[in-house]
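Enquirer: Kindly produce the complete structure, drawing on both the sequences and the hints.
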Amino acid sequence: MKFAVIVFPGSNCDLDMYHAVKDELGTEVEYVWHHDTSLEGYDGILLPGGFSYGDYLRTGAIARFSPIMDEVIKAAKEGKPVLGVCNGFQILLEAGLLPGAMRRNQNLKFICRPVELIVENNNTLFTNGYEQKEEITIPVAHGEGNYYCDDETLEKLKKNNQIVFSYKDEVNGSVLDIAGIMNEQGNVLGMMPHPERAVDSLLGSDDGLRLFKSILSHWRERNAITS
Amino acid sequence: MMFEVKVYVSLKEAVLDPQGSAVKGSLHHLGFEGVEDVRIGKVMSLRIESNKEEIEDKVKSMCDKLLANPVIEDYRFEIEEVVSQ
Numbered sequence: 000m001k002f003a004v005i006v007f008p009g010s011n012c013d014l015d016m017y018h019a020v021k022d023e024l025g026t027e028v029e030y031v032w033h034h035d036t037s038l039e040g041y042d043g044i045l046l047p048g049g050f051s052y053g054d055y056l057r058t059g060a061i062a063r064f065s066p067i068m069d070e071v072i073k074a075a076k077e078g079k080p081v082l083g084v085c086n087g088f089q090i091l092l093e094a095g096l097l098p099g100a101m102r103r104n105q106n107l108k109f110i111c112r113p114v115e116l117i118v119e120n121n122n123t124l125f126t127n128g129y130e131q132k133e134e135i136t137i138p139v140a141h142g143e144g145n146y147y148c149d150d151e152t153l154e155k156l157k158k159n160n161q162i163v164f165s166y167k168d169e170v171n172g173s174v175l176d177i178a179g180i181m182n183e184q185g186n187v188l189g190m191m192p193h194p195e196r197a198v199d200s201l202l203g204s205d206d207g208l209r210l211f212k213s214i215l216s217h218w219r220e221r222n223a224i225t226s
Numbered sequence: 000m001m002f003e004v005k006v007y008v009s010l011k012e013a014v015l016d017p018q019g020s021a022v023k024g025s026l027h028h029l030g031f032e033g034v035e036d037v038r039i040g041k042v043m044s045l046r047i048e049s050n051k052e053e054i055e056d057k058v059k060s061m062c063d064k065l066l067a068n069p070v071i072e073d074y075r076f077e078i079e080e081v082v083s084q
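Chains as they are written, first to last, in numbering that gives the first Met the number 0: chain A, 0 to 226; chain B, 0 to 84.
Source of the hints: derived by calculation from the structure; they are not laboratory data.
Errors might be hidden in some of the hints.
Pairs of lysine-lysine, DSBU-like flavour, derived with a Cα cap of 30 Å [claimed, not checked]:
1. B/Lys23 - A/Lys73
2. A/Lys155 - A/Lys132
3. B/Lys59 - A/Lys76
4. B/Lys11 - A/Lys108
5. B/Lys11 - A/Lys157
6. A/Lys108 - B/Lys59
Expert: This is the structure in structure tokens:
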């Protein structure tokens, strides 16, 4: 399996993402510059955290129109796994690949610490390595992770089991303490916590590694069937 | 023709504005009574070369596509023709 890590001007978790997939998961991975116009040959797309375009206008608003985004949208429509973490999540929201939007954290502070998450749906290609309702520890680092959607969207998210992770305790003011959601098709996941920063117990937690392992095992299963 | 355009973007009424709430609290703390609500928004000033028929649609399209996020924000704009001296 070969991953692409999309690099925007202002991305700063791209190296961590690369390291997690290359060294801890042990798969192929390459950086793809946001001006590139092809994602051919990649089986999974990773949008890292950071501050693309300095968060100008709104988080993710300008990166959403980078040339590579047409290809990211295409890959998502084709059913390829697309993971957006933190700023990557914000970009997916702006691009309309996921519903809702981000507001400033309720306490207006940049929150940077490990948090307890609850796996709300382990029946996804991103979370098959976790137990349903398992509690895991993954760090957050964001100023705008206060997830918002209207009531109608929230009902849809609940009904379709699109809420994948929630915060065990209130963190940033998000509706229903949502930490991560996926699209209806189940191949696009956006989450504020950083699984790529939790891939080695030496650094506090390796709970994030299972997310990448889940993607890989899903891909292997699918390819074993089709080949 | 040259136009000066001002775009005002603010969070929708239904969306809680954490910055506005903090500023409201601070105003109360300073003793300003009667401040019931504070909403923080953005003002953008644009200079646009366009013909008169298209300018409004153009600005609206800019707002819908990029300048505002319709999920959480409302916008309005004012268009003024720049009269050359």
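Enquirer: All hints are to be evaluated individually against the structure, with a verdict given for each.
Expert: Hints and how they fare:
1. A C-alpha spacing of about 44 Å is found between B/Lys23 and A/Lys73, which places the hinted pair above 30 Å, so the restraint is violated.
2. Between A/Lys155 and A/Lys132 the alpha-carbon distance is near 20 Å, which keeps this suggested pair within the 30 Å criterion.
3. Our distance criterion of 30 Å between C-alpha atoms is met by B/Lys59 and A/Lys76, whose separation comes to about 28 Å.
4. Using a Cα cut-off of 30 Å, the hinted pair B/Lys11 and A/Lys108 holds, with the two alpha carbons roughly 22 Å apart.
5. About 23 Å separates the Cα atoms of B/Lys11 and A/Lys157, which keeps this hinted pair within 30 Å; it holds.
6. For a cut-off of 30 Å, the pair hint linking A/Lys108 to B/Lys59 is broken: about 33 Å separates their Cα positions.
Violation of the numbered hints given earlier is confined to hints 1, 6; the remaining hints are satisfied by the structure.
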